[in-house]
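J.: Here is how the chains run, residue by residue.
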Amino acid sequence: MTINDLYLIAPEIALASTGLIVIVLDLVLNNKRFLPVFALLGVLVSVFFTLALCADISASSNGSMIGLFSTLVVDKFAIFFKLLILSIVALVVLGSVDFVNKFEDSQGEFYGLILLSAVGMMLMAATKELISIYISVELATLPIAALAALMKTNRSSEAGLKFLLLAAVSSAFLLYGMVLVYGFTGSTYLDVIAGAVTTGAVPFGSSVMLAGIALIVVGFGFKISMVPFQMWVPDVYEGSPTPVVAFLSVASKAAAFAVILRVFYVGFGGVNVDWASMFAVLAALSMTTGNLVAMMQTNIKRLLGYSTIAQAGYILVGVAAITATTPDGGIVGLGPSGVLFYLAGYAVTNLAAFFAIIVINNHINSELISDFSGIAKRAPLLSAVIAISMISLIGIPPTVGFMGKLYLFNAAVSSGLVWLAVVGVLNSVISAYYYLRVVKTMYLGAGEPENRITYSLPVLVAVVVVVIGILVIGIVPGPLFEFTEVAVRSLFIAS
Amino acid sequence: MLTFTLFLPLVGALFILFFVNTPRTVRAVALLIALVEMVLASVVFWTVSQDGSGSFQLVEKIAWIQSLNIQYFLGVDGLSAPLILLTGLLTPCAVFASWYVEDRVKEHFFWMLTLITAVMGVFMALDLVLFFVFWELELIPMYFLISIWGTGRKEYSAMKFLIFTIAGSAFMLIGILVVFLSSGTFDMTELAGSTLTNLLIPTQLVFVLFFIAFAIKLPVWPVHTWLPDAHTDAPTAGSVILAGVLIKMGGYGLIRINVAMFPEVTREYSWVIVGLALVSVIYGAIVTLRQSDLKRLIAYSSVSHMGLVLLGIASLGAGKSAVTSVGLNGSAMQMFTHGTITGLMFLVVGQIYLRTHTRFIPDLGGLIVKMPFLCAALVVSGLASLGLPGLSGFVSEALVFLGAFHVWPWPVAVCVFGIVLTAGYILWMIQRVIFGPESGKFSEITDARLPEIVPVVLLVASILAVGLYPAVISDVFSSTLSPLISTRFG
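Protein sequence lines correspond, in order, to chains R and C.
Each residue of the first sequence is one higher than the one before, counting from 1 in the numbering used here.
Each residue of the second sequence is one higher than the one before, counting from 496 in the numbering used here.
With the rest of the complex left out, here is chain R:
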């Protein structure tokens, strides 16, 4: 390990040490108010290092830097996800201050574990070697199991245990798939695997890798809550502390998609297995199942759980659209850039919904949608926030959700998957029903303007930031899209 290697993982080191320090500080400090401040400082340092790295790779000749025995790659793709995950962490810390203050103890653990999990997620986006990928996936997952059980109630413990068991099972699938791929190609490095495939070094032809690839899909299927590996989602969402669910639903999904894109587009691009069609079918299944079941939910967290399954389906559309380019051939990899754009949009949208729901749940002590009746009178701003995020989740302009779907379905159409785009838009129609039911309950139910729901300044900041994100990216999506395009291009150059 050289100094350069340390520099390459400086964002992760900063975040990990902050996480550990926060846990220790929790033991010695009496005033717990400084914990989130300290966590945010750590995120800021990490962002600083990430931006420094970004500037360096922009200046370098091939647009990426490789370290840690060639397992780590820092390119624009990794930078994109690091910044996305860091933003999510910062927002989650801000948005859950009120919630965490109610904890008797283990406040430090909350912030510390979130930071540690984020380290794993950032590494997931930046590794190009199967074993490192596996380790970073574990690092990202295990803290979440602890976080899910953090409330120490029956439901919370159950959620934690369920998450842990299913994470273990999915890891087993993932690992076995990786072993099979290694067996046929003789390497765990994605670029070497791709080289073995193109030079024909795989015995019996690359289609023998089907089993390995299928198992890897299963493993990641759990992480991104894709049908048919989604069973854990509603229970874990319902039982876990809501801020943890907010973090899990967006950050973990983003990191998992980062790995999927890198593994499949870099490692398995030339493999004679039609994994794109596999993803297309799974995408259709995910959105349809998620949306249909979501229509029957009465608990807001379960509803968002099924919604996240459906949203995973939309994002998979972009993974499946492998041949998509713009008509003039300008943008190669329209599908993956759509995935990146949608993930960022989904992050702000879902966080907005969750932040508002955290505050409201705290006050009405209920997660039933019917108990949100007339809440618009008691919390006008928060209700508007939920309404805007629901509209964004449906995909109605002028929100980022619409732009995301426009990009994804455009990628699908230009990849020849018109049927998938049709399934996608019809699913948006179905989803309109249940997302708007939430809005309807908040605005049409009878309610008293008295007993206003209050919240602290950090929460207000977090909520305002994400809502502005939804609307501004929804109206001016150009800059973000160009960033995703650059990020995806660096992925292709790396291969």
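Worth double-checking, as some hints may not be accurate.
Taking beta-carbon pairs under 7 Å as the criterion, some of the chain C residues facing chain R (in silico) [stated by the list, open to error]:
hint: 1; residue: L676
hint: 2; residue: L784
hint: 3; residue: S787
Covered stretches of chain C (chain R as the covering partner; in silico rule of three or more C-beta atoms under 8 Å from a C-beta of chain R) [to be verified]:
hint: 4; stretch: 531–545
hint: 5; stretch: 638–645
hint: 6; stretch: 875–888
hint: 7; stretch: 913–919
What the hints contain is simulated information worked out from the structure, not anything from laboratory work.
No residue lacks a Cβ here, since even glycine has one placed at the ideal position from N, Cα and C.
Assemble the complex: chain R is given as a structure, and chain C must be docked to it using the hints.
T.: Below, chain C alone, put in the same frame as chain R:
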């Protein structure tokens, strides 16, 4: 100029939401904005009318999303200018119609003005994505208008409206993306001048994708069922805008996209279109005869009248003689005149309902004694609706029949019979509601107040003006439609 006209209502809506508090000032600000908007719309119309070339005026074009070649591209031509005028005309009417709304006043005007921006945007946008954005933007305001301030099964109707429309636009989005894939552009002017080839899916299918979206909005049988519910349960202002301009978006889309971009398919399948038109006109009229709810009656009559728009489009089909623009002109005129006539009808019926608290026709009767002014207005709108010469409805219907007759003689003959049915239900309705014995229940009611008189006068004047001198509108329509027919169908 167009940007200002487009976003003024939205800016006003946000201003009201954040800075205006008492209901009185909310109404005043909303009215001021609506009046300015009307003036702006008139100026836009006048500009296009003066130019007379039928090409796009007041064009604004800025790159919006460069990587996908999406533009912020606005412009008006002879097809959109009269519809913008119509929207501008109905905006103050809708504000006046909401004058006596007591519940959540601020929100009501916020959503109404937002809705106006969305509708204006649909008529001005010349980029398919921008068009789609405004098309969808209209959903949420209308959803809230119906579900909060409506009557009856308002939540059901609002959801039904939303699901139907969003299902239609889902198909449209696929159509847009397929067109983009083969042409590389979302520019509607460019697409309207080129022949689309090498589409990913057959051209006919793309045509159908767009057609479904617009047919739902128009609405065409058999996808019309959302309309009676939405109309009946919407508040008065909602009905006025819905009937006046929202459903015109469907007709506008059909001409702007289906006819202009897919002329061959329009020709080839005009027999399907004429069939749908026929069913809409006759079925709509027959069902209207059976209605006992005033608003539902007007709603079903809209289905029948919008069938005529479709009939005019079908006149572009392959007939024995050359295609002329008369029928298409009639379609466009029908949209304009139906907007003013039905807008007026809903306005008056809303005011009657405000006083009598019932729209059940058998419960009404003899209203002319207590409110002569409103009843006179209802009679005028009714006569215009059934196509009395001298009022605007006659002109458009005559044009449609004239244009379509030599192409589809028998279907047109049957549709003309629809006019007889229209006369039947309108006159019967007028007889039961206005004349007849006084029911005695309404001894307390009074006639229209000033905020109610103004919009009525405005709309009656426009019905008369267009009826007596139709060229003021139809010349503008034909300035764009005639070149379209001669270049694309010649």
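J.: Broken hints, numbered, in rising order?
T.: 2, 3, 4, 6 and 7
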